[in-house]
Structures are given as C-alpha cells and as structure tokens.
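Asker: Sequence:
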Amino acid sequence: MNFLEKEALISKSIMVSLLTGMIFIPSYSFGMEEHLEEASRARLSAATRQEADPVLNVLENADKSLIFFKKSAREFECLIKSQTPKEKNESLDSLWKYFNRVDLPSIKKLCAGIFLAHHGTDIQKEEVKSFLTLFVDNEGISSKERIGGLSVLLDIFSDDIQKERYLQLLESIFTHLPLSEVEGRLEAARCFIEDEEATAEQKTQGFSALHSIITNDRIPQEYRTEAAILLFENADNLEETTEARRLLMIVLKEKTLSLKERVDIAQTFYDKGTPEEQVDPDVLKLMLQVPELPAEVRDFIEKQLPAS
Numbered sequence: 014m015n016f017l018e019k020e021a022l023i024s025k026s027i028m029v030s031l032l033t034g035m036i037f038i039p040s041y042s043f044g045m046e047e048h049l050e051e052a053s054r055a056r057l058s059a060a061t062r063q064e065a066d067p068v069l070n071v072l073e074n075a076d077k078s079l080i081f082f083k084k085s086a087r088e089f090e091c092l093i094k095s096q097t098p099k100e101k102n103e104s105l106d107s108l109w110k111y112f113n114r115v116d117l118p119s120i121k122k123l124c125a126g127i128f129l130a131h132h133g134t135d136i137q138k139e140e141v142k143s144f145l146t147l148f149v150d151n152e153g154i155s156s157k158e159r160i161g162g163l164s165v166l167l168d169i170f171s172d173d174i175q176k177e178r179y180l181q182l183l184e185s186i187f188t189h190l191p192l193s194e195v196e197g198r199l200e201a202a203r204c205f206i207e208d209e210e211a212t213a214e215q216k217t218q219g220f221s222a223l224h225s226i227i228t229n230d231r232i233p234q235e236y237r238t239e240a241a242i243l244l245f246e247n248a249d250n251l252e253e254t255t256e257a258r259r260l261l262m263i264v265l266k267e268k269t270l271s272l273k274e275r276v277d278i279a280q281t282f283y284d285k286g287t288p289e290e291q292v293d294p295d296v297l298k299l300m301l302q303v304p305e306l307p308a309e310v311r312d313f314i315e316k317q318l319p320a321s
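What the sequence shown shows, in my numbering, is residues 14 to 321, in sequence order.
Hint data in this document are derived by calculation from the structure and do not stem from the laboratory.
Listed next, the in silico DMTMM-like pairs over lysine to aspartate or glutamate satisfying Cα-Cα at most 25 Å (straight line):
1. 99 with 135
2. 122 with 184
3. 122 with 168
4. 94 with 168
5. 298 with 235
6. 138 with 208
7. 142 with 116
8. 266 with 253
9. 122 with 172
10. 176 with 249
11. 122 with 106
12. 122 with 235
13. 216 with 253
14. 266 with 230
15. 142 with 172
16. 298 with 230
17. 99 with 140
18. 216 with 256
19. 122 with 100
20. 176 with 246
Turn these sequences into a full structure, and let the hints steer you where they fit.
Answerer: Right, here's the structure in full:
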C-alpha cells in the first residue's frame, strides 16, 4: 500500500468515525433527555409526596419564628393523634429523611427535631438529642435559635444530668440579648418560669421579661398576647395573679387583637381563673365586639352574661 492509499484509508477511517459519532450523538442525546425527564419526574413525584404529607407541609411553610416553632409543635401533636398507625409511620419516616437533609435551614431542622423528639423511635430521639447538644453550643447560630434548642432540651429531655448546664447557658445567652430580640426573650422567660429546677433569680428574670414585653405597646401584638397568657398561667400567689390579670386585660382591650387571640385569652381565664373570672363580663363583652365571631359562640357568650 503506497502513501496515497494509506492517507486515503486514514481519511476514510476518520470520516467513518466522525459520521459514526454524528450518528450516535443524537442517539446519546435522546438517551440523556430520557434520563433527565425521568429524574425530573422523580423530583416532581417527591415534591408531590412532600406536599401531600401534612407534616412536611407544615415545616416547608414555616417562617423563622419561635412562635411558629411552638405553634407548629402543637399542630403536629393534633395531626399525629388523628392519623392511623400506618399514616403516622409514613409521616415519621418522611420527617426523619427531612431532618437529615444536608441543605436544611437550622430553624427547620430545629422544628423537625422537636417533632421527632416527641414521637420518633428511641434511636431517632437520641440522634435529635445529640444534634441539639451541639446546636446550642454553636455560637455561630443565632441566639434565638439556640434558645429554641435549649427549650427543647429542657422540655423533652428533662431528666438529663446536663440540665443545670442548659439553664446556665440559657441564662448566659438571655443576659446578652438586646430588648429588640422579643422572641428569644419570650422563649427564655417561658423556660425559666416553667422549669422546676430554675433558680429563684432565673424565675425573677423570666417574670420581669414578660412584664416588659406586655407593657411595651411597640412590640407586635402576638408576642404581648403570648406573654400575658404565660404570665397569668404561671402566677404563684394572689398578688402575682392580680397583676397578671390586670396585664392580660390590657392586652385583651387592644383593638388589633385577632379573634383567635381573644379566644385564647378568654380560654385562659376559663382554665386558670377564679369562678368569678370564668364569667368575667368584661372579657365576654370584649369578645362580643369581634365581628367574625361565629353565631353559636356569640349565643353562648350572651347567655353567660349576667342579667343587667
């Protein structure tokens, strides 16, 4: 084979390779499109399952507030009680996978953690506890979120030998919180007031924080309502109860108070108040001012009012 023949053969081989490549490239691209479509369908299916899962739906719609964190925990309690054993297991399985996502924001991991700490398996509870122990010591995390983590440790793992350390850490964070950090101060106050092992000084700090929140009309109403209810529920003596009731009435008279907040406060009077407070005309009359009040509730309240 001479040089020209060799060159022609090489050229032909190259051309065949190129043509072969050109033939297979569309085929390869088509295969990739199928693969990408399949992956997309899988993601969409996962997203649909998550949207359908009421537990994950609660978490995905979370804002970054401790108020949500507490309310969503109560919502989850009601949700779990309404589920069948199979549904509960599926929700907890989804929740566990959600909790272990590497891209999960810390506040949502915190929310998922409290759900698992209440209802997860023993192994899951230990994992959550280990996570929270590191979480609360991480100074790179916001004070508000560290307080949220400490409240879970104090609430759920109350027999932990490290409880005294948790309370000391909470006090240290609380002491340096600016007054503008209302959520953190409110949650820390709750921990100090409700925890049996908190010192007298810590409890005093807690009650003082609640007073300052309730009497500051520049603070958003929902925080003042939470603080007022918390104070009234935990008053230990007649003097504290009288003061708590006075502050609660201040909040109750706010025009911007929502129906739910009015009902929450009235329920607090019914649950914790004296027999006289349970049918307090001022409370009942204020509730009647709510235009959205359901007819059956309005009828019930009107029957409770003393004859004029």
